[in-house]
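Chemist: Hey, can you work out the whole structure from these sequences and the hints?
Going line by line, the protein sequences match chains A and B.
Per our numbering, the first sequence starts with residue 1, numbered consecutively.
Per our numbering, the second sequence starts with residue 1001, numbered consecutively.
Careful: at least some of the hints might be erroneous.
Derived DSBU-like pairs: lysine-lysine, alpha-carbon spacing no greater than 35 Å straight-line [as the list claims (entries may be wrong)]:
#	chain 1	residue 1	chain 2	residue 2
1	A	K33	B	K1082
2	A	K33	B	K1051
3	A	K16	B	K1082
4	A	K68	B	K1084
5	B	K1051	B	K1246
6	B	K1175	A	K4
7	B	K1051	A	K16
8	A	K4	B	K1246
9	B	K1246	A	K33
10	A	K4	B	K1051
11	B	K1051	B	K1038
12	A	K33	B	K1038
Per the computed footprint, the stretches of chain B lying under chain A, defined by three or more beta-carbons under 8 Å from a beta-carbon of chain A, are [claimed, not checked]:
#	segment
13	1054-1064
14	1091-1099
15	1105-1113
16	1321-1335
Hints were generated in silico from the structure; no laboratory data involved.
Owing to the predicted nature of the structure, the values given are computational and were not obtained by experimental measurement.
Where is the CB? At the ideal position from N, CA and C, for every residue including glycine.
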Amino acid sequence: MSEKEWPLWEVFIRSKQGLDHRHAGSLHAVDAKQAVQMARDVYTRRMEGVSIWVVPSDAITASDPDDKAELFDPMADKVYRHPTFYKLPKEVEHM
Amino acid sequence: MYTQAMDIPGGPKAVAAATPEEAARNSAFDARIAADLKIEPRDVMPEAYRKTLVRQISQHAHSEVVGMLPEGNWITRAPSLKRKAILLAKVQDEGGHGLYLYAAAETLGTSRDQMVDALLAGRAKYSSIFNYPTLTWADMGAIGWLVDGAAIMNQIPLCRCSYGPYARAMIRICKEESFHQRQGFDIMLSLCKGTAAQKEMAQDALNRWWWPVVQMFGPPDKDSVHSGQSAAWGIKRISNDDLRQKFIDATVPQAELLGITIPDPGLKWNEERGHYDYGAIDWDEFWRVVNGDGPCNRERLATRIEAHAEGAWVREAATAYAEKAAARELAGKRAA
Ligand SMILES: [Fe+2]
Ligand SMILES: [Fe+2]
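Modeler: Structure follows, in structure tokens:
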């Protein structure tokens, strides 16, 4: 095939006003404008969204899965960062 | 099913690790699979697992895309505007399913063009069911009710597949599928409540589609070559025969409700098993269709090739336009 493949885009959809955009999937499109149009056709056919972001897939920098332990394990023993770590006296009802 | 060609010989085989590092990586992978954790695109995975998924997901995608053709055949001839709008929406969904799946396969390092090339060159398989013709409007009912119904049975366990992007695509697809089955059943219901001729049309569609649909689940477990490995990898959760039985058990009462007869004299409730027994399946026909000699294999492929070729100028024009626009924007920035 001599044709050039269209670049890949990642699609993020805000499902409802007030919520975050969430990754919905990806698609091929020639440019950002076309990517938005296609994302509308592919990912919002049942009113799944009120706003669309598209990002060229190759613009995303991801953490390396091999670094998972190094990056995330140090948080495993810091339970005191969660409110449930603290025992409150019975008399304190809401805090 | 949509990936029934996974059950024929010739797929990638798991091979022993060549180096200690590879063995260590493989055992990390095995541990994740054993713990029922998902595998994500950049995680280490054995080459055979990757290849198996590329094969399966791309076959699945091709089935969705080729699957638009039998129903596309009736869009312009739908009996009412309502039915036309519904069929159009259903066929559009199938195109979307193809896209989700191609995108999932692309995360494994293959490209869209490579997959489309393989389909158009006849190297890739798609489901045998789409090589049957759609002769009457009742076929739109039978396809939605039976083919999409069978697809749902197969796709629900795939939502728990070990490969994250495939599982997520399946969740999205399953959400859309149940409308497909219901609109098909609704067509059958209308026909069965209609005139004698309409009911006869529904019966004829059931007669023609029943066996191909039962075959859709793929060869019996004893002849299914890759099932063991796929099950171990968490790709295939339920066997062909179990899914087929589940489908038949669910469908018999629906046919009774419609008042039409499933064309299998061997079909009868087995109290002891708690399942319906069914007659012998013509596996010769199945293999004939899988290997290219079904009623519509040539026509389907020729239609895809033609559609792809006729769309070439659109793809080229869009690329040229985007390049021009980007160049213009760059020139504007330089001038400013
Ligand atoms: Fe589908
Ligand atoms: Fe469907």
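Chemist: For a C-alpha distance cap of 35 Å, please report whether A/K68 and B/K1084 respect it.
Modeler: The hint is violated at about 51 Å.
Chemist: What's the verdict on A/K16 and B/K1082, does the C-alpha distance respect the 35 Å limit or exceed it?
Modeler: 29 Å, holds
Chemist: Are A/K4 and B/K1246 close enough, with their CA atoms no more than 35 Å apart?
Modeler: Outside the cut-off at roughly 45 Å; violated.
Chemist: CA of B/K1051 to CA of A/K16, is that 35 Å or under?
Modeler: Roughly 38 Å between the alpha carbons, so the hint for B/K1051 and A/K16 is violated.
Chemist: Quick one, are A/K33 and B/K1038 close enough, alpha carbons at most 35 Å?
Modeler: Satisfied, since the Cα-Cα distance of roughly 33 Å is no more than 35 Å.
Chemist: Is it true that the CA of A/K33 sits at most 35 Å from the CA of B/K1051?
Modeler: Holds, because 34 Å separates the two Cα atoms, which is no more than 35 Å.
Chemist: If you draw a straight line from the CA of B/K1246 to the CA of A/K33, is it 35 Å or shorter?
Modeler: 46 Å, violated
Chemist: Taking only the CA atoms, is the gap from B/K1051 to B/K1246 under or equal to 35 Å?
Modeler: At roughly 29 Å apart (the allowed maximum being 35 Å), B/K1246 and B/K1051 satisfy the hint.
Chemist: In terms of beta carbon proximity below 8 Å, does the segment 1105-1113 of chain B have 3 or more residues touching chain A?
Modeler: Three-residue rule met by the segment 1105-1113 of chain B, so holds; n is 4.
Chemist: Has the given pair, B/K1051 with B/K1038, been kept, meaning a C-alpha gap of at most 35 Å?
Modeler: Between B/K1051 and B/K1038 the Cα gap is close to 17 Å, so the pair holds against 35 Å.
Chemist: When you check the alpha-carbon spacing of A/K33 and B/K1082, does it fall within 35 Å?
Modeler: 32 Å, holds
Chemist: Are 3 or more residues of the segment 1321-1335 of chain B near chain A, judged by a Cβ distance of less than 8 Å?
Modeler: Answer holds; 4 residues pass the 8 Å Cβ test.
In this structure, the earlier hints numbered 4, 7, 8, 9 and 13 are contradicted, and the remaining ones agree with it.
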